[in-house]
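S.K.: The chain contents come next:
2 protein chains.
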Amino acid sequence: METNDIPDLERRMQFLTEVEKLKTVYRQNMTVGSERHENSAEHSWHVALMALVLGGHAGDSGLDLLTVITMLLIHDIVEIDAGDTFLYDDEANVDRNEREERAAARLFGLLPDEQRDTMVALWREFEARSTPEARFAAALDGMQPVLNHYCTDGTGVRKYRIPAARVIEKKRYIADASPELWRYTEDIIRRSTEKGLYTDE
Amino acid sequence: METNDIPDLERRMQFLTEVEKLKTVYRQNMTVGSERHENSAEHSWHVALMALVLGGHAGDSGLDLLTVITMLLIHDIVEIDAGDTFLYDDEANVDRNEREERAAARLFGLLPDEQRDTMVALWREFEARSTPEARFAAALDGMQPVLNHYCTDGTGVRKYRIPAARVIEKKRYIADASPELWRYTEDIIRRSTEKGLYTDE
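Chains V and Z, in that order, give the protein sequences. If you want the working numbering, it's the position in the first sequence, counting the first as 1, plus 88. If you want the working numbering, it's the position in the second sequence, counting the first as 1, plus 88.
Calculated from the structure, these hints are not laboratory results. Among these hints, one or two may not hold up.
When chains are identical, the list treats them as one kind, so a pair holds in a single copy or across two.
Derived DSS-like pairs: lysine-lysine, alpha-carbon spacing no greater than 30 angstroms straight-line [stated by the list, open to error]:
1. LYS109 x LYS258
2. LYS283 x LYS109
3. LYS258 x LYS247
4. LYS109 x LYS259
5. LYS283 x LYS247
6. LYS283 x LYS258
7. LYS109 x LYS247
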């Protein structure tokens with residue numbers, strides 16, 4: 089059967105069943121209580137909720153919040169095929185984009201063509217941080233691990249001995265989306281460094 | 089310090105840190121591959137994504153999708169205090185609403201007052217299914233376990249020996265939000281019963 093012969097609802101359901109797998113893609117973050125690593129599905133929920141709650145702190149007050157939340161709900165789906173790439177793993181980041189583009193083609197390709205195109209475009213917009221919505225979504229995605237490390241006492245991250253200066257360098261783009269949230273994040277990084285979660289070399 | 093003296097951003101961050109705990113509230117559903125029970129945070133992500141993908145199948149074409157998604161992102165937060173109540177556990181459902189109202193007061197009460205009121209009102213609207221948005225959100229929340237049982241071969245649910253007629257009775261409200269999605273769900277229930285996930289007594 090040609091893919092185009094499958095009814096749209098059936099294609100959407102195949103996609104929604106396939107993305108179950110995001111619940112078993114594990115990240116470096118730990119869940120609170122440190123009982124296990126955080127997975128990318130619950131992380132996606134957390135950052136989408138952050139957008140809802142923190143929307144008023146965006147530097148640009150005219151943001152389309154539905155677009156921000158859509159980006160955050162879909163931003164990690166490519167990890168089902170491409171895996172989670174740790175921000176501080178330079179080697180793994182070399183071919184990250186290529187692996188993720190292939191994953192986006194397969195996974196969003198399960199959807200009806202028009203919806204596939206919309207999703208792929210939004211995912212690329214998020215990755216490129218090319219609009220105010222994408223920059224705000226990316227800022228929240230960048231903040232969440234910092235908050236998570238702090239509230240789980242860095243169980244997942246201490247072992248990497250990441251210099252605080254490197255965290256700041258990697259996260260500084262948050263300021264483009266919200267100077268206020270960047271000040272808050274910088275303060276958490278400082279307090280985390282005092283607790284030994286990052287190094288101050 | 090009076091709660092009202094805490095800056096709004098700090099209150100929002102306290103809320104966003106507290107809701108980390110939803111990642112450790114476990115449901116009867118299993119994750120794909122059945123490696124562990126599904127938690128309410130990743131479930132919330134999945135139903136919010138369903139709203140994005142299936143929005144066009146709602147019976148009411150004028151739905152405000154941002155409201156639907158907001159409801160789905162927050163609908164289970166009360167479980168942090170009140171626990172997940174299994175739909176088919178009649179005893180546990182007797183005082184569910186009372187436990188959840190207390191939980192909503194404490195958890196949403198971490199937010200600035202205006203945002204707390206908005207969230208509590210949306211949560212109650214979802215629970216009461218009193219608007220087209222709430223009915224569609226509730227329909228997706230009702231569909232997701234049926235799809236999950238089917239794609240995880242019922243590992244979490246077979247042991248309860250739930251009659252298919254009871255599943256249909258509990259889920260029939262989906263038809264109010266979308267006749268098309270209800271037909272699809274009924275078909276999955278039928279196929280699940282054939283596989284022995286529910287009983288046909």
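S.K.: Indicate, hint by hint, whether the structure satisfies it.
M.R.: Hints, one by one, checked against the model:
1. LYS109 x LYS258: both (28 angstroms within a copy, 27 angstroms between copies)
2. LYS283 x LYS109: between (35 angstroms within a copy, 22 angstroms between copies)
3. LYS258 x LYS247: within (18 angstroms within a copy, 48 angstroms between copies)
4. LYS109 x LYS259: both (28 angstroms within a copy, 25 angstroms between copies)
5. LYS283 x LYS247: within (14 angstroms within a copy, 47 angstroms between copies)
6. LYS283 x LYS258: within (20 angstroms within a copy, 50 angstroms between copies)
7. LYS109 x LYS247: Classified as both; 28 angstroms inside a copy, 24 angstroms across copies.
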